[in-house]
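Residues per chain are reported as follows:
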Amino acid sequence: MRHFLDFEKPIAALEGKVEELRHMSSDGSINIADEIGKLQTRIDRELKQTYEKLGPWEKVQVARHPERPRVSAIIGQLFEDFTPLAGDRNYAEDYAVIGGMARFRGQAVMVMGTEKGSSTEERIKRNFGMARPEGYRKASRLMELAGRFGLPVLSFVDTAGAYPGRGAEERGQAEAIATAIRACLRLPTPMVASIIGEGGSGGAIALATGNRVVMFEHAIYSVISPEGCASILWRSSDHAKEAAEALRITSDHMKELGVIDAIVPEPLGGAHRDQTAAIASLGDACFAQLRDLQDMDRDALIADRADKYLAMGDGGG
Amino acid sequence: MNWITNAVLPKIKALVTANDVPDNLWIKCKACGQMIFHREFEQANNCCSTCGHHAPLPPEARFAMIFDDASFETVELAAIDDDPLKFRDSRRYADRLKDSRSKTGVKDAIAVAHGLIGGRKAVIAAFDFRFMGGSMGRMVGNGIIAAAEAAVAHDAALITIPSTGGARMQEGVLSLMQLPRTILAVEKVRAAGLPHIVLLAHPTTGGVTASFAMLGDLQIAEPGAIIGFAGRRVIEETVREKLPDDFQTAEYLQDHGMVDAVIPRAEQPSYIGRILGFLMDQREATRAA
Ligand SMILES: [Zn+2]
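Chains A and B are the protein sequences, given in the same order.
Read left to right, the first sequence gives residues 1430 to 1746 (my numbering).
Read left to right, the second sequence gives residues 169 to 457 (my numbering).
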């Protein structure tokens, strides 16, 4: 069963009609094909009009869409010989963070990302993409390993944020995130990060402090969830829509503020409507960024990253 | 919340300098409810003489307390574009800033100074919790960077003293970018072979904990300070479990291996001085040779 967002209801109705027509008996079949064609044109027009002018709050819904491309789908489509690595060597394997070595268009790389999961069972196993300290420590370990063996790092971020749990706090959630950010900053090889769905606060930047950062057109990146911001500043999460607007969390704003380097266009009607096409565009965007960095030596890469983030002190960019 | 301390005292404080505050003003301890003479409270660096509660301490007072002979020089921070997002909730961020500035007399939630601690050169970057809850935006990031650069320039230790509710939401994702920014700052201090000591004051929560504030060579904390990444209420709502009363206190963190020591204010100058001796004597000796 396809999942439709509230503002997609008119589109859902049209698609329902198309389905109905497809199942009708074939007498007068020419007319049915005609009708379907006309409806499809209307659907495409509706999708275009709707998705062209999505507001920030609608983008939040799209970014959280259950059929949005996941990190495992991205790894499956864009990488060969993926060899997953597990564990933080201290306490546990955190299934919210996937990572390992792979080949990206022939080149050996380290790939990692936060995985929300697709089925209910998988979502629970992966804690809905909210990592605990072990996930960030694993990411730090993979980055350190990548650095020693000259592997560029590609990371893909889709998380509501770090997991707010008792054990996570007791085992040093804050320290684990800070150390992961530091591991990004110390990396002597190129790092390209992609914000593919939700870029939720510290849990996102922990894996996203790259030389280059790209972002899906309808993804969001924020210091706090709109709901969290609303409950603090408006004293009610009912104001999440206003908070989403005020926080400037959309890809166009990220580009303006100098936080990201490129926006990856999504297929008509969002990445959830055509995952394969969306992932293919993302692959091209990552490849282009990586190619830009390939002639830089270790010092230049570290300096490039430092300059990028140190510049974010006065209006950004 | 007490009407006298919240509404009247700040106004009186704004009218008279600290030295002119008459002796007969009383302060109520937020922890035990005891009434304390204002002057006594101030002399104890805002600590309660009855229960030992450590109340917020503004940067200037911290500098005077920790630096030798209460002597220090402040590092001025350059002004920046205040409101890049044109953020507005029930009020405009620009107005909130204006208000906080006139109430506190400071420009933002951080102050930086250098001086000597136990005879050794040190730079302190202290958060000002009075200013928008000590939240970290670009200006606070600039303060940490300025402090780190001053430490390297003066061949001094860096002491950071967070006291903050977290990132400044009104600066959106740019406040999140202060996490890597401030980590880069303390990396410079490390690269110069100088110590970075974090003194966690109440409260140190949210995004700030996931940055420079957990990456000190030493982590020390003030008694009773609440320190944590996620807020207690958020955790309770998520895990539906009653948390221990002392959850996320400095003492609890020490039990869980997150801080080296819990040091009351009265002992901080000598403690930090001793630490700087251990960490910097070798450097001095090498330089002298
Ligand atoms: Zn008391």
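Derived by calculation from the structure, the hints in this document are not laboratory data.
Just so you know, even glycine gets a beta-carbon here, dropped at the ideal spot from N, CA and C.
One or more of the hints may lead you astray.
Covered by chain B, per the in silico footprint, the following chain A stretches (three or more residues, Cβ under 8 Å) [claimed, not checked]:
(1) 1596-1609
(2) 1646-1655
(3) 1726-1740
With a Cα cut of at most 30 Å, we get these calculated DSBU-like pairs of lysine-lysine [as the list claims (entries may be wrong)]:
(4) B:Lys-356 - A:Lys-1670
(5) B:Lys-254 - A:Lys-1670
(6) A:Lys-1684 - B:Lys-410
(7) A:Lys-1684 - B:Lys-275
(8) A:Lys-1482 - A:Lys-1554
(9) A:Lys-1482 - B:Lys-275
(10) B:Lys-266 - A:Lys-1684
(11) A:Lys-1554 - B:Lys-410
(12) B:Lys-266 - A:Lys-1670
(13) B:Lys-275 - B:Lys-356
Evaluated hints:
1. A stretch counts as covered by a chain when three or more of its residues have a beta carbon under 8 Å from one of that chain; for the stretch 1596-1609 of chain A and chain B the count is 11, and the coverage holds.
2. Here's how the stretch 1646-1655 of chain A fares: 4 of its residues keep a CB closer than 8 Å to some CB of chain B, so the rule of at least three is met and the hint holds.
3. Coverage of the stretch 1726-1740 of chain A by chain B holds in this model, with 3 residues showing a Cβ closer than 8 Å to a Cβ of that chain against a need of three.
4. Of the supplied pair hints, the one linking Lys-356 (chain B) and Lys-1670 (chain A) is violated, its CA atoms being roughly 40 Å apart against a limit of 30 Å.
5. Proximity of Lys-254 (chain B) to Lys-1670 (chain A) is assessed by CA-CA distance (about 17 Å); at most 30 Å being required, the pair is judged to hold.
6. Of the supplied pair hints, the one linking Lys-1684 (chain A) and Lys-410 (chain B) is violated, its CA atoms being roughly 42 Å apart against a limit of 30 Å.
7. Distance hint between Lys-1684 (chain A) and Lys-275 (chain B) is fulfilled; the C-alpha atoms sit about 29 Å from each other, no more than 30 Å.
8. The straight-line distance between the Cα atoms of Lys-1482 (chain A) and Lys-1554 (chain A) is roughly 36 Å, outside the 30 Å bound, and the hint therefore fails.
9. At most 30 Å may separate the alpha-carbon atoms for a hinted pair to count; Lys-1482 (chain A) and Lys-275 (chain B) exceed this at roughly 39 Å.
10. Using a Cα cut-off of 30 Å, the hinted pair Lys-266 (chain B) and Lys-1684 (chain A) holds, with the two alpha carbons roughly 28 Å apart.
11. Between Lys-1554 (chain A) and Lys-410 (chain B) the alpha-carbon distance is near 24 Å, which keeps this suggested pair within the 30 Å criterion.
12. Proposed proximity of Lys-266 (chain B) and Lys-1670 (chain A) is supported: the alpha carbons are some 26 Å apart, at most 30 Å.
13. This hinted pair checks out: Lys-275 (chain B) and Lys-356 (chain B) have alpha carbons roughly 25 Å apart, not beyond 30 Å.
Of the numbered hints stated above, those contradicted by the structure are hints 4, 6, 8 and 9, listed in ascending order.
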